[in-house]
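Just need the whole structure built from these sequences, with the hints factored in.
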Amino acid sequence: MALLEVKDLKVRVEEREILHGLTLTVNEGEVHAIMGPNGSGKSTLSHVIAGKPGYEVTDGQILFKGEDLLEMSPDERAAKGVFLAFQYPVEIPGVATMTFLRTALNAQRKARGESEYSTPDFLKKVREVSKSLNIPQDMLKRGVNVGFSGGEKKRNEVLQMALFEPSLCILDEMDSGLDIDALRIAADGVNALRSPKRAMVVITHYQRLLNYIVPDVVHVMSKGRVVKSGGKELALELEASGYAQFEDAA
Amino acid sequence: MPAVQETVERVKRIDVDQYRYGFETLIDSEKAPKGLSEEIVKFISQKKNEPAWMLQWRLEAYRRWLTMQEPTWARVDYPKIDFQDLYYYAAPKPKKTVTSLDEIDPEILKTYEKLGIPLREVAMLEGVEPKVGEDDPARRKIAVDAVFDSVSVATTFKAELKKAGVIFMPISEAIREHPELVQKYLGSVVPTSDNFYATLNSAVFSDGSFVYVPPGVRCPMELSTYFRINERNTGQFERTLIIADKGSYVSYLEGCTAPQRDENQLHAAVVELVAHDDAEIKYSTVQNWYPGNSEGKGGIYNFVTKRGDCRGDRSKISWTQVETGSAITWKYPSCILRGDNSSGEFYSIAISNGFQQVDSGTKMIHLGKNTSSRIISKGIAAGKSQNTYRGLVTAHRKATGARNFTACDSLLIGDKCGAHTVPYIEAKNSSATFEHEATTSKISEDVLFYCIQRGLSQEEAVGLVVNGFVKDVLQQLPMEFAVEAQKLISISLEGSVG
Ligand SMILES: Nc1ncnc2c1ncn2[C@@H]1O[C@H](COP(=O)(O)OP(=O)(O)OP(=O)(O)O)[C@@H](O)[C@H]1O
Ligand SMILES: [Mg+2]
Numbered sequence: 045m046a047l048l049e050v051k052d053l054k055v056r057v058e059e060r061e062i063l064h065g066l067t068l069t070v071n072e073g074e075v076h077a078i079m080g081p082n083g084s085g086k087s088t089l090s091h092v093i094a095g096k097p098g099y100e101v102t103d104g105q106i107l108f109k110g111e112d113l114l115e116m117s118p119d120e121r122a123a124k125g126v127f128l129a130f131q132y133p134v135e136i137p138g139v140a141t142m143t144f145l146r147t148a149l150n151a152q153r154k155a156r157g158e159s160e161y162s163t164p165d166f167l168k169k170v171r172e173v174s175k176s177l178n179i180p181q182d183m184l185k186r187g188v189n190v191g192f193s194g195g196e197k198k199r200n201e202v203l204q205m206a207l208f209e210p211s212l213c214i215l216d217e218m219d220s221g222l223d224i225d226a227l228r229i230a231a232d233g234v235n236a237l238r239s240p241k242r243a244m245v246v247i248t249h250y251q252r253l254l255n256y257i258v259p260d261v262v263h264v265m266s267k268g269r270v271v272k273s274g275g276k277e278l279a280l281e282l283e284a285s286g287y288a289q290f291e292d293a294a
Numbered sequence: 018m019p020a021v022q023e024t025v026e027r028v029k030r031i032d033v034d035q036y037r038y039g040f041e042t043l044i045d046s047e048k049a050p051k052g053l054s055e056e057i058v059k060f061i062s063q064k065k066n067e068p069a070w071m072l073q074w075r076l077e078a079y080r081r082w083l084t085m086q087e088p089t090w091a092r093v094d095y096p097k098i099d100f101q102d103l104y105y106y107a108a109p110k111p112k113k114t115v116t117s118l119d120e121i122d123p124e125i126l127k128t129y130e131k132l133g134i135p136l137r138e139v140a141m142l143e144g145v146e147p148k149v150g151e152d153d154p155a156r157r158k159i160a161v162d163a164v165f166d167s168v169s170v171a172t173t174f175k176a177e178l179k180k181a182g183v184i185f186m187p188i189s190e191a192i193r194e195h196p197e198l199v200q201k202y203l204g205s206v207v208p209t210s211d212n213f214y215a216t217l218n219s220a221v222f223s224d225g226s227f228v229y230v231p232p233g234v235r236c237p238m239e240l241s242t243y244f245r246i247n248e249r250n251t252g253q254f255e256r257t258l259i260i261a262d263k264g265s266y267v268s269y270l271e272g273c274t275a276p277q278r279d280e281n282q283l284h285a286a287v288v289e290l291v292a293h294d295d296a297e298i299k300y301s302t303v304q305n306w307y308p309g310n311s312e313g314k315g316g317i318y319n320f321v322t323k324r325g326d327c328r329g330d331r332s333k334i335s336w337t338q339v340e341t342g343s344a345i346t347w348k349y350p351s352c353i354l355r356g357d358n359s360s361g362e363f364y365s366i367a368i369s370n371g372f373q374q375v376d377s378g379t380k381m382i383h384l385g386k387n388t389s390s391r392i393i394s395k396g397i398a399a400g401k402s403q404n405t406y407r408g409l410v411t412a413h414r415k416a417t418g419a420r421n422f423t424a425c426d427s428l429l430i431g432d433k434c435g436a437h438t439v440p441y442i443e444a445k446n447s448s449a450t451f452e453h454e455a456t457t458s459k460i461s462e463d464v465l466f467y468c469i470q471r472g473l474s475q476e477e478a479v480g481l482v483v484n485g486f487v488k489d490v491l492q493q494l495p496m497e498f499a500v501e502a503q504k505l506i507s508i509s510l511e512g513s514v515g
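Residue numbers (my numbering), protein chains in the order written: chain D, 45 to 294; chain L, 18 to 515.
Among the clues, some could well be false.
Claimed, not checked - Quick look at which bits of chain D chain L covers, simulated, 3 or more residues with Cβ under 8 angstroms: (1) 144-157; (2) 258-268.
Stated by the list, open to error - Here are the simulated PhoX-like pairs of lysine-lysine, each with C-alpha atoms no more than 20 angstroms apart in a straight line: (3) Lys185/D - Lys64/L; (4) Lys459/L - Lys154/D; (5) Lys459/L - Lys96/D.
No lab work stands behind these hints, which were simulated from the structure alone. These figures come from a predicted structure and were not determined experimentally. Note that beta-carbon positions come from the ideal geometry of N, C-alpha and C, so glycine has one too.
Here's what the structure looks like:
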């Protein structure tokens, strides 16, 4: 069943059209990779799906579990299971990571009409997940992403993903800034979340990540459109020949 | 004839006995007539059964006040106050000690609930004590003095405090029971001639709290006062006096609330702190006076003079304030660092939303040798509000080795508000080291979106980010109040975005 359907999406930012009619369908259980040159609109797509303000959708639609996603506020989308691991996770000084995790998780649960986690249950869950991601407990006492290294910030995104158990995970350049070991740990974390009910959209510039997180479908984006889709071999092809061949298609 | 005029005329017409009688009727209604005059000052004094010296003190202040001008230097803007169009005394109930919750106005209980002051503190008015061996800090005993309009209605744990030698009572009672202490200290930090509002307060103050901690005593519990304005058109003028004798320690917290009213209401309090050798006073405020409605109508004018005198060597005074209410705030809790090696601290969170105007800060006056002071101010402006930090740090010629550290951070939410920093620094000797840091930033859309993407609503996100911004100051509050203050901060920012 289709989890996410993006149909002929046109998006403007400050009077300039960035997405020029983008179509993409992601089914439950699938992992999709999106590759494409800098500035082709990958992050823009992820922001529009998550509902970031400042983007004007001029045409097309986005359905999530058959519902009109564009009608929902961004926090509603989160509660419904849309998760975006940011390319550049922000710092929130003075807000302990642990407090943040708990506030967010309970906000989502409340929106879904579920009961809040009890403190022991919550702590147990965080401990389990952070351990598997090699995140020391001390880090969780610090302000959200404050003083975290680039790799730690990315791991913190995966931690939240594991904790919130969303049904759609969009990972925007999760691999940038990660060393080889960190990449493996993060990818393992992502793989552990693969499930028949969950779908992932992995945005990356490097085929290497796809060795760890093996996609079902690879899309090539150029100038605000998906210009080619294929199996995991497409990524290898791109690695060898670059994006030049798609410039014209777009 | 306008009510004020009528009162003046009536007072003129009657002789002393009739005058008393006239006011007797008024005593039934528990309200002095509108307006300010020597008669009103006498009425208040009489109502409190004050000794002659106290009345004299008030009258001198009143006469002085008549010669003074309202200050205009603060960055606040409001229509001229008609001081004759206010009530200067109102007692909602006959004064008595509240012994059970039932005797407290349910409206007041509700207000506490909304403010987030948990009912357990109110329950303490009942004298309900925590179980022995209970070490949960949230269950720590807190002695409460509750002031509604102009009258103190209840002070709890008096007996237990008395055992420790601590005097904690309404100042009206202290004037009668401990005249030697009151006479010695009242006006010794904020003289009657200090400023327009303080002088007005000296003339008409009706109640407030009095604390005396004897030498070497560590006050066994937090002391707390709740101020509440209920009556319409009533000015509230509390007077608080806290004395920490040699080597003693006391932590005091005040909370303030007022109902919603279309008219502006005046609040002009004076707080004086005196710390002798090696004594320490920690004074915390959670101020949530009614800020006015979304169009800027109504709200409290909060013109307050708070000053601490580090009179003794190695004494310490620390002000912590969380200011979220009032239409206008004009407030500069200060420290006079008179004793050698004394120190002063000012930790402040000032939040303005809607049409609120805040002009607040501190003064650190270094007079003694090796005195130190620390100022951490966090200003948050949202809506169409204006938020000004105004701070003065001075070192006297003899204050060698004086040190100050000031950090002023402002956070703007939206683009219709303003934050301003006005520091005055004067060092009259070359050995003083003053450091000043200031930042102003806008709340980041990216940070808010990050939080919202993780499931927080816009308002929850703002609350979370702001609480993070003010964390250093929140940590200075007694723990049980830090949690409440945190909630209050989120509430006061509702509707600040979008
Ligand atoms: N807020 C904005 N204002 C103006 N232009 C914007 C804005 N956001 C994105 N753009 C433009 O939209 C285009 C697509 O940007 P986007 O960040 O989506 O690219 P990307 O594919 O994620 O690139 P990269 O691989 O470098 O991360 C770029 O030309 C960018 O400059
Ligand atoms: Mg990008």
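Consistency of the hints with the structure:
{"no.": "1", "hint": "144-157", "verdict": "holds (count 7)"}
{"no.": "2", "hint": "258-268", "verdict": "violated (count 0)"}
{"no.": "3", "hint": "Lys185/D - Lys64/L", "verdict": "56 angstroms, violated"}
{"no.": "4", "hint": "Lys459/L - Lys154/D", "verdict": "29 angstroms, violated"}
{"no.": "5", "hint": "Lys459/L - Lys96/D", "verdict": "18 angstroms, holds"}
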